[in-house]
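Residue strings, one per chain:
Number of protein chains: 4
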Amino acid sequence: MSEPPNITFLDSPAASSAAFGIASQRGNRRHVVRIGGTAFGDGQFVVVAGPCAVESERQILEAARLVASAGGHILRGGAFKARTSPYAFQGLGLEGVLLMRAAADATGLPMVTEVLSQHDVEIMEPHVDAFQVGSRNMDNTALLKDLGQTRKPVMLKRGFASTIREWLLAAEYILLGGNDQVVLCERGIRTFSDETRFTLDLAGAVLAHQQTALPIIIDPSHATGNPALIPALAAATIAAGLDGLMVEVHPNPDAALSDADQALSPEQFHAMMERLRAFAPAAGFRM
Amino acid sequence: MSEPPNITFLDSPAASSAAFGIASQRGNRRHVVRIGGTAFGDGQFVVVAGPCAVESERQILEAARLVASAGGHILRGGAFKARTSPYAFQGLGLEGVLLMRAAADATGLPMVTEVLSQHDVEIMEPHVDAFQVGSRNMDNTALLKDLGQTRKPVMLKRGFASTIREWLLAAEYILLGGNDQVVLCERGIRTFSDETRFTLDLAGAVLAHQQTALPIIIDPSHATGNPALIPALAAATIAAGLDGLMVEVHPNPDAALSDADQALSPEQFHAMMERLRAFAPAAGFRM
Amino acid sequence: MSEPPNITFLDSPAASSAAFGIASQRGNRRHVVRIGGTAFGDGQFVVVAGPCAVESERQILEAARLVASAGGHILRGGAFKARTSPYAFQGLGLEGVLLMRAAADATGLPMVTEVLSQHDVEIMEPHVDAFQVGSRNMDNTALLKDLGQTRKPVMLKRGFASTIREWLLAAEYILLGGNDQVVLCERGIRTFSDETRFTLDLAGAVLAHQQTALPIIIDPSHATGNPALIPALAAATIAAGLDGLMVEVHPNPDAALSDADQALSPEQFHAMMERLRAFAPAAGFRM
Amino acid sequence: MSEPPNITFLDSPAASSAAFGIASQRGNRRHVVRIGGTAFGDGQFVVVAGPCAVESERQILEAARLVASAGGHILRGGAFKARTSPYAFQGLGLEGVLLMRAAADATGLPMVTEVLSQHDVEIMEPHVDAFQVGSRNMDNTALLKDLGQTRKPVMLKRGFASTIREWLLAAEYILLGGNDQVVLCERGIRTFSDETRFTLDLAGAVLAHQQTALPIIIDPSHATGNPALIPALAAATIAAGLDGLMVEVHPNPDAALSDADQALSPEQFHAMMERLRAFAPAAGFRM
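Residue numbers (the numbering used here), protein chains in the order written: chain Y, -4 to 282; chain Z, -4 to 282; chain R, -4 to 282; chain S, -4 to 282.
A couple of the hints might just be wrong.
As the list makes no split between identical chains, a pair holds if one copy fits it or if it spans any two.
Pairs of lysine to aspartate or glutamate, DMTMM-like flavour, derived with a Cα cap of 20 Å [stated by the list, open to error]: (1) Lys140 - Asp115; (2) Lys140 - Glu117; (3) Lys147 - Asp249; (4) Lys147 - Asp115; (5) Lys147 - Glu161; (6) Lys147 - Glu57.
Don't read these hints as lab results, they were simulated from the structure.
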């Protein structure tokens, strides 16, 4: 077993040293994670945005320009798509990754995209700025271990039925491989409530923020599936002191191939960014 | 069946007129509810605070002074306590209500306290500024109907396993009696998550805020049971544009007879109020 | 506080004696509860059946005859109906109770019906063989206390978001009044799953059966809302050793005024009873 | 995309033929799946049993002998263990698989063990009679696709927060690869209830049994974590007409390295098998 980096936190056999490592950072400073030139946990409130799925060269380039022009920091988009049904659109795969790479380079934004298969880790690594692990793979410890061996940052979504403790221990699988660049993303949990797609667990994210030095961001798009709620929840996120936001935007939401209803339109995205900037000073963030 | 007031909203047999009534208010102006001199839904972000239970003349008076001195607007406290176990402290009953009345009068704050029994409605009515209906009685339609016959405002907590639609329809039971002074309070839902006491459904509250003109406030104390999370969640509430907050404070939390762990200390309460005031301008509220 | 009867079980201040009281019954014999001439917990697997709502003299009489002819033991039906919406059919009220009384007397079955309001307890008591407390009122401790003062048995449904412990403590509110005739009924809990109306917690009911001497029965009609699942779940209930079953039957399901889809047809009810009789010997029950 | 086998069921682009394929089997006959010489869905109620984890040659051999002597049909045991914490015992890996193989061969039982990593599929395939996919990997579609390319049966556990529809679509990922040997196993869902480890969704399993021709079994050990509940739930499973049971047994539960509390002792396992045999005739099964 390799040496744990000094941001491990829970249940460690080397508890005395590792726990001290994390404890000394709590309240004092956050562990900083960098995706491309963008730093999480260093005073910047980070906005990651983009379409649910990469659909075409033109669509992802327009999306990247929209994100950049509104002041967003990182481009997101799905190339390998996790779909409930094998009959649903599975994404463009590596071609989608390359289209994202080009759009990111053209706009100067770093990019993050989901990895679904262990077989794809090596193939994707040269082309991505960060790997995303989706909610449905948070417990895929084999994939987490493989990502711990890479040197690209990992955005780890919380399983939609996972506890905070399980989420932090999933991060630990990556950290133990020697990769300490992990950003945690809360994206809603599954509850009895069906009037939003999932239930955004903002209090859980705040609790996690107090238990770990890793950056924590919120994805209100998947949490609610309802763009009308996102401006209020984005404002809530920055006011709560969390480290950033991941949202879906689409240059033309009505034409999206997947999750069409949940993407912000360009106008809504600009308005949300405006609102975040209004709250940033009181929240102690740069935007 | 009495004539529905013009803020009814859902499933009404008089849907054409009632739905129009509410629709015309949405986005334009909120329905204003007044408890004593404090108005919800009229540009003021309202803070309701006080101890979980009224314990003694001195304790509730100290609590009221704390609330008033920090800029809180309404005194809360439990006199008739809903307890899971019949062996747990059931509250001081009417004596507790009268102690609250005195503390409220001494500090100039209005007060709200929970009603548990239909038999108590008439007894309590002369002494309270508003009735609270707890989460466990949201579905007690017999009580809701009785409260619809009073002319005191009702603070209706969301059942911890109720949908937004069920919550609004519970309010409708009160409204239909002719009492249109209803404030809705989200206080956490029951989910698999056990690292906070309940799961605060902030997105659900924002959704409800878009579906009804009634004021919506948040109770992060019962939602989380964890005072360390409350400052962040209070800031999130005002940033999300909701109408107010209900929190537990105790002049001396360590000595509380019930739910000791979840009350804010005087220092924490002052700090929370400070933080709310910092966010109020960007959120468009007076504080 | 009155003396607890010797079937109290949890958190009792008189724990040493009360706990011993129940402990000595566990595994040895169940506490027997009688509704009319039918005993729960005495070797009989009890079937309680009837329509969701009493609709007319003819409908409830036909339902009672159906229940009796198929070998059911107790007639159920709603006269005061707990409805989410105040605009939904609220039941026939006292008239419905009297129609049920007549149908029960005509067929020799005892009957049970729900009480919603504290104001109705005295009014209903002379006419009913047992009170039912619905899932939405399990936490209505004021009503539970009033029922503890009556001498009619109470069928206490589990709150759809209540733990086993909370359910047993709700029973304790009745028991402490001196009324030890309480039957517990599991009717499904609210979870993320929406392919059945609620999630039947059979394992929870078995656990409760091991923790209390009070009889435990299952209501698969409300738990699932799907008559096609009921024969299998009825067989599961008797095989699991629980004390009985509550199901909805309707002489003509297609014409039901409420919850039409969830009632068994006469043919389905007869088939279910047949299946129960096939399993009764192996399960050690009389039918 | 390969041609769907004729047991596909949902959302198929070839819906007309595939849906007919399954529809014609519903109610008439089940799709039969064979693990070694044991057939699911062919009139046999199948019991899969064994320890949580393979710990040593001696332990797994004793467990296999216990399973065989009590009349169990298939040996289960974990070699590659899915653990929440990277610091917990991760299993013996391939060595554990080989120890299981030897114990299975020595007792004439077929065996099934969990696969966690795509890298292990080829390595394990020659040694196992069936692959198990655990609850935490149900959404790992990359692994499911790889297993669809093998010709060993797959026991697919339901994700603990997955709907029935999602579960059947996960099976579809395997079926579409051309591997039609899939057994579905319900093992409890995550709900607010914490008095059993998970909430066994028996009604959901019965519903799934009506929606697919694939065999459905129940795992009450993981669902409840409580051996005292298992005999009743095993009886409920056979009475409900499901196809089998997976339980944890340990020759010496007190010495188990993982999930010690949830395994049946040898005496409890024999008693459970006795009880199943008592119910088998009424349920229409061979045992």
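Each hint, compared with the structure:
In this assembly of identical chains, lysine 140 and aspartate 115 lie within 20 Å of each other by CA distance both inside one copy and across copies; the values are 14 Å within and 14 Å between. In this homomeric assembly, lysine 140 and glutamate 117 come within 20 Å of each other (Cα to Cα) both inside a single copy, at 13 Å, and across copies, at 19 Å. In this assembly of identical chains, lysine 147 and aspartate 249 lie within 20 Å of each other by CA distance neither inside one copy nor across copies; the values are 34 Å within and 44 Å between. For a Cα distance limit of 20 Å, the shortest separation of lysine 147 from aspartate 115 inside one copy, 14 Å, qualifies, whereas the shortest one across copies, 24 Å, does not.
In this assembly of identical chains, the alpha carbons of lysine 147 and glutamate 161 never lie at most 20 Å apart, being 22 Å within a copy and 31 Å across copies at closest. Proximity of lysine 147 and glutamate 57 under a CA criterion of 20 Å is satisfied in neither setting, with 26 Å inside one chain copy and 46 Å between copies.
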